[in-house]
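Q: Here the protein sequences line up with chains A and B, keeping their order. Sequential numbering of the first sequence, starting at 498, is according to this note's numbering. Sequential numbering of the second sequence, starting at 5, is according to this note's numbering.
Worth flagging that the hints you see were computed from the coordinates, not collected in a lab. A portion of the hints provided could be inaccurate.
Unchecked claim - In silico DSSO-like pairs for lysine-lysine, Cα to Cα no more than 30 angstroms straight-line:
#, chain 1, residue 1, chain 2, residue 2
1, A, Lys910, B, Lys366
2, B, Lys18, A, Lys874
3, B, Lys217, A, Lys874
4, A, Lys910, B, Lys264
5, A, Lys910, B, Lys298
6, B, Lys264, A, Lys809
7, A, Lys910, B, Lys296
8, A, Lys961, A, Lys946
9, A, Lys910, B, Lys311
10, B, Lys311, A, Lys946
11, A, Lys874, B, Lys366
12, A, Lys528, B, Lys217
13, B, Lys256, A, Lys874
14, B, Lys366, B, Lys232
Please read all numbers here as calculations on a predicted model, not as lab measurements.
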Amino acid sequence: MVFMDTNRKTYVEDIERGIYDIKNEFRYSYKVKKGLTEEIVREISEKKNEPKWMTEFRLKSLDIYNKLGLPVWGPNIDDLDIENIVTYVKPNTDMKYSWEDVPEDIKETFTRLGIPEAEHKSLAGVGAQYDSEVVYHNLKDYLSMKGVIYTDMETAVREYEDIIKNHFMTVVPPSDHKFAALHGAVWSGGSFVYIPEGIQVDIPLQSYFRLNAPGAGQFEHTLIIVEKGAFLHFIEGCSAPKYSVNNLHAGCVELIVKEGARLRYSTIENWSKNMYNLNTKRALVEKDGTIEWVSGSFGSKVSMLYPMSILKGEGARAEFTGITFAGNGQYLDTGAKVVHAAPYTTSNINTKSISKDGGVAVYRGALVITENAHHCKSTVSCESLMLDNRSRSDTVPVMDIRNDEVDIGHEAKIGRISDEAIFYLMSRGISEEEARAMIVRGFVEPIAKELPLEYAVEMNNLIKLELEGTIG
Amino acid sequence: MIEIRDELNSLPVKTYRWLNVNHLNIYENIDKDIKPYNKRFFEEMDDENISIGSISNIITINQHLNRINNEKYEYGVSRKMVDLAENSYNAGVYAYIKRGANIKKPIRIEYEMDRENDVVIDNSIIVASENSKATIVVDCYTVDDVDAFHNSAMKIYANSGACVTVIKIQRMNDNSNHFDSNISVVENGAEVNFIQVEFGSKRAVTSYTSNLKEGGKSSIYSIYIGDKDRELDLSYYMNHLERKSISNIEAKGALKDKAKKVFKGTIDFKLGSSKAEGREEESVIIFDKTVKSKAVPLLLCTEDDVKGEHAASSGKVDEDKLFYLMSRGFTKEEAMKLIVEASFNPIIDRIPLEDMRDIIRKEIARRLVVEERI
Numbered sequence: 498m499v500f501m502d503t504n505r506k507t508y509v510e511d512i513e514r515g516i517y518d519i520k521n522e523f524r525y526s527y528k529v530k531k532g533l534t535e536e537i538v539r540e541i542s543e544k545k546n547e548p549k550w551m552t553e554f555r556l557k558s559l560d561i562y563n564k565l566g567l568p569v570w571g572p573n574i575d576d577l578d579i580e581n582i583v584t585y586v587k588p589n590t591d592m593k594y595s596w597e598d599v600p601e602d603i604k605e606t607f608t609r610l611g612i613p614e615a616e617h618k619s620l621a622g623v624g625a626q627y628d629s630e631v632v633y634h635n636l637k638d639y640l641s642m643k644g645v646i647y648t649d650m651e652t653a654v655r656e657y658e659d660i661i662k663n664h665f666m667t668v669v670p671p672s673d674h675k676f677a678a679l680h681g682a683v684w685s686g687g688s689f690v691y692i693p694e695g696i697q698v699d700i701p702l703q704s705y706f707r708l709n710a711p712g713a714g715q716f717e718h719t720l721i722i723v724e725k726g727a728f729l730h731f732i733e734g735c736s737a738p739k740y741s742v743n744n745l746h747a748g749c750v751e752l753i754v755k756e757g758a759r760l761r762y763s764t765i766e767n768w769s770k771n772m773y774n775l776n777t778k779r780a781l782v783e784k785d786g787t788i789e790w791v792s793g794s795f796g797s798k799v800s801m802l803y804p805m806s807i808l809k810g811e812g813a814r815a816e817f818t819g820i821t822f823a824g825n826g827q828y829l830d831t832g833a834k835v836v837h838a839a840p841y842t843t844s845n846i847n848t849k850s851i852s853k854d855g856g857v858a859v860y861r862g863a864l865v866i867t868e869n870a871h872h873c874k875s876t877v878s879c880e881s882l883m884l885d886n887r888s889r890s891d892t893v894p895v896m897d898i899r900n901d902e903v904d905i906g907h908e909a910k911i912g913r914i915s916d917e918a919i920f921y922l923m924s925r926g927i928s929e930e931e932a933r934a935m936i937v938r939g940f941v942e943p944i945a946k947e948l949p950l951e952y953a954v955e956m957n958n959l960i961k962l963e964l965e966g967t968i969g
Numbered sequence: 005m006i007e008i009r010d011e012l013n014s015l016p017v018k019t020y021r022w023l024n025v026n027h028l029n030i031y032e033n034i035d036k037d038i039k040p041y042n043k044r045f046f047e048e049m050d051d052e053n054i055s056i057g058s059i060s061n062i063i064t065i066n067q068h069l070n071r072i073n074n075e076k077y078e079y080g081v082s083r084k085m086v087d088l089a090e091n092s093y094n095a096g097v098y099a100y101i102k103r104g105a106n107i108k109k110p111i112r113i114e115y116e117m118d119r120e121n122d123v124v125i126d127n128s129i130i131v132a133s134e135n136s137k138a139t140i141v142v143d144c145y146t147v148d149d150v151d152a153f154h155n156s157a158m159k160i161y162a163n164s165g166a167c168v169t170v171i172k173i174q175r176m177n178d179n180s181n182h183f184d185s186n187i188s189v190v191e192n193g194a195e196v197n198f199i200q201v202e203f204g205s206k207r208a209v210t211s212y213t214s215n216l217k218e219g220g221k222s223s224i225y226s227i228y229i230g231d232k233d234r235e236l237d238l239s240y241y242m243n244h245l246e247r248k249s250i251s252n253i254e255a256k257g258a259l260k261d262k263a264k265k266v267f268k269g270t271i272d273f274k275l276g277s278s279k280a281e282g283r284e285e286e287s288v289i290i291f292d293k294t295v296k297s298k299a300v301p302l303l304l305c306t307e308d309d310v311k312g313e314h315a316a317s318s319g320k321v322d323e324d325k326l327f328y329l330m331s332r333g334f335t336k337e338e339a340m341k342l343i344v345e346a347s348f349n350p351i352i353d354r355i356p357l358e359d360m361r362d363i364i365r366k367e368i369a370r371r372l373v374v375e376e377r378i
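Isolated chain A (complex conformation):
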């Protein structure tokens, strides 16, 4: 990048987010009171008809939640008042396996977001969560015949109790941090995926999370187990309409990648700008396994999201590709963590961030190489683009190396769009606005090409939307 100066800029204060902002009338069959007490936790568990061990797990988590303090670092989350968040909202429907049976208003929401269309075209299975519960779940027949399981978490707790009991919150224990504990206490919804040994799921599975209720929290739990030599691409999409009260999303994603297996986990997150997105994602990768994260953060008011890969088995690999776009009023603190806990493990982190119009984008990373993890390789590359001087962009990586046989490289860059590049494009007959959008698209291109096509298109639209009017 060559960086030069332009001083002519105007701003558009708030951007119409189109389909994402359409709210439905808030209807529910059941919701708990605001706040968090033992009574509420018991009530959630009871309503879900859970086995006793899960109720106890929830209560234990609540106990941990009450003992842990808030993080001493990162964005200010004082405005988040858990006493004012409704932790459990059951939509006015049960889970459906046929799209036709989903209530009209909920169906319309997901139709607008393109979910059923995508299912027809290019997905192996779809799950849709509305507020606290999954309202629709479907998996192509030929996959279920091969033994692939794709279901909502509630059903999984009942039908695959042994697997869940052995794995639930073992990768991310409730004691990890305050919001993991909160999640353990009030989790609801989410997906369970099990891919048997050697099965290659050729087209992606997708879950879409939509939070419609104002002042509510969404705490979905995703657990994916990919057995030996299997492959899965899982896509997660999130959005919510904007209300004046703050919403909270404290989901948890646990991924277990067994020997020689590969899991690709893509997320496009476009929560509304009143959302606190305090999500925890972690993968445990065994021998020769591969985890690939693709993560796009566009929405929410505050995000704290750092997918972590624990490379537990020899030869395990982790790749992380991330893009963060912070606009007005947003504080997006995102990044990646990798722990190399075995020899010959490899990690590759590649992130880009854009901040504009007063937005704050932070890359926060951690790279740990333990004593026994010899012959590890890791490269980290972070690039930040600032579109104006009202915004902020920080890079906060930590490297902790306890071994001599390693090869570690880290680099970061920060800067702005070069005027020379814009001038050149304009001399070729391209408008300034288009030139700028082109450069930003070029900047995020390495990330966009990792996304599934529909999402890449969506991201390009978002960028266009966000950049409109930034040029005077």
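Put chain B on the given structure of chain A with help from the hints.
A: Then chain B, alone, in the frame of chain A:
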């Protein structure tokens, strides 16, 4: 008794607690009393363009000092350690360089610590007037196996167009404690180069903050060796306050045995620092799997029209190089020493005193090859 109950070298932006890099906690009583330091520690200079003297006689530069104090720059390994140095010092110099003067001969300050003089708390102030030029070399070492305590504070004030180079060499023995707080204010078009050589002591905690005004240039060149169970905590902070300021951090290290190192390097582009540029590079050669090496290279930015870059790398000594050197008859340790020296040389060559360069090279050999005095 010197009591240390403190969080030292706090990160300007905190991060995950489990990594233990947000600050260095020290809760320790150092069984020492602060008493006068009875050795000569600087040379008078026969040059009318410079006034230099012991800090205890300071009168002339109070006005400049106030300027630094008035602008309220935060600096140092911690507030308490800086207070200790500024209020309870037993050594230190002030140097005032007149406008336009070019002092060719380096100003030399030397703290030789022995049984009688095992505590040095020095407070030094360097003021370089407009368009002047000077080099200051501070060498701190121990002569016997005394467990020495050194706490240092240095303020460097480079007025517009001035060029100041400060070289600080620390080669104390393995029983000693070393704390070092430094700050510079780099006025319009001035330049401050800070070279730090950290080879000794059991625990070394050092900090350097540079505040850059319009067109100011600031560089840090740091070399360090961690051996045995040395603990190094190095913190560098480039604070870009105004336009067109340029900073450069270059750190090179070698770690062996059970050494622990935390490197914290921050480039902070404050609002108003448009067209500023900052670079940071850290590389470390690791000799043993028992070392612990942490690096936190921060890039903070609230101004869009800047260029910032950092890179960090770490790894083993290049096997091919090692093999080649060994095939030529060097022992493995000697070969490793050569490789480390080659990596340090560009920084060592910036030191304008031949005797100092020799001392540094010998120290590298002593630390990396065998435990014998060369």
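Q: Taking only the CA atoms, is the gap from Lys910(A) to Lys366(B) under or equal to 30 angstroms?
A: Given that 30 angstroms is the threshold and the Cα spacing comes to 37 angstroms, the pair is violated.
Q: Are Lys910(A) and Lys311(B) close enough, with their CA atoms no more than 30 angstroms apart?
A: Holds, because 8 angstroms separates the two Cα atoms, which is no more than 30 angstroms.
Q: Regarding the pair Lys528(A) and Lys217(B), is the alpha-carbon distance no greater than 30 angstroms?
A: 58 angstroms, violated
Q: Need the status of pair Lys961(A), Lys946(A): alpha-carbon distance at most 30 angstroms?
A: 17 angstroms, holds
Q: What's the verdict on Lys264(B) and Lys809(A), does the C-alpha distance respect the 30 angstroms limit or exceed it?
A: Within the cut-off at roughly 24 angstroms; holds.
Q: Starting from Lys874(A), check that the Cα of Lys366(B) is at most 30 angstroms away, please.
A: 34 angstroms, violated
Q: Is it true that the CA of Lys910(A) sits at most 30 angstroms from the CA of Lys296(B)?
A: 26 angstroms, holds
Q: Verify the proposed pairing of Lys18(B) with Lys874(A), using a straight-line Cα cut of 30 angstroms.
A: 26 angstroms, holds
Q: Lys217(B) and Lys874(A): Cα distance at most 30 angstroms?
A: 40 angstroms, violated
Q: For a C-alpha distance cap of 30 angstroms, please report whether Lys366(B) and Lys232(B) respect it.
A: 18 angstroms, holds
Q: Does Lys910(A) pair with Lys298(B) here, judged by a C-alpha cut-off of 30 angstroms?
A: The given pair, whose Cα atoms are some 20 angstroms apart, holds under the 30 angstroms limit.
Q: Does Lys874(A) lie within 30 angstroms of Lys256(B) when you go C-alpha to C-alpha?
A: 20 angstroms, holds
Taken one by one, the earlier hints fail for this structure at numbers 1, 3, 11 and 12, listed in ascending order.
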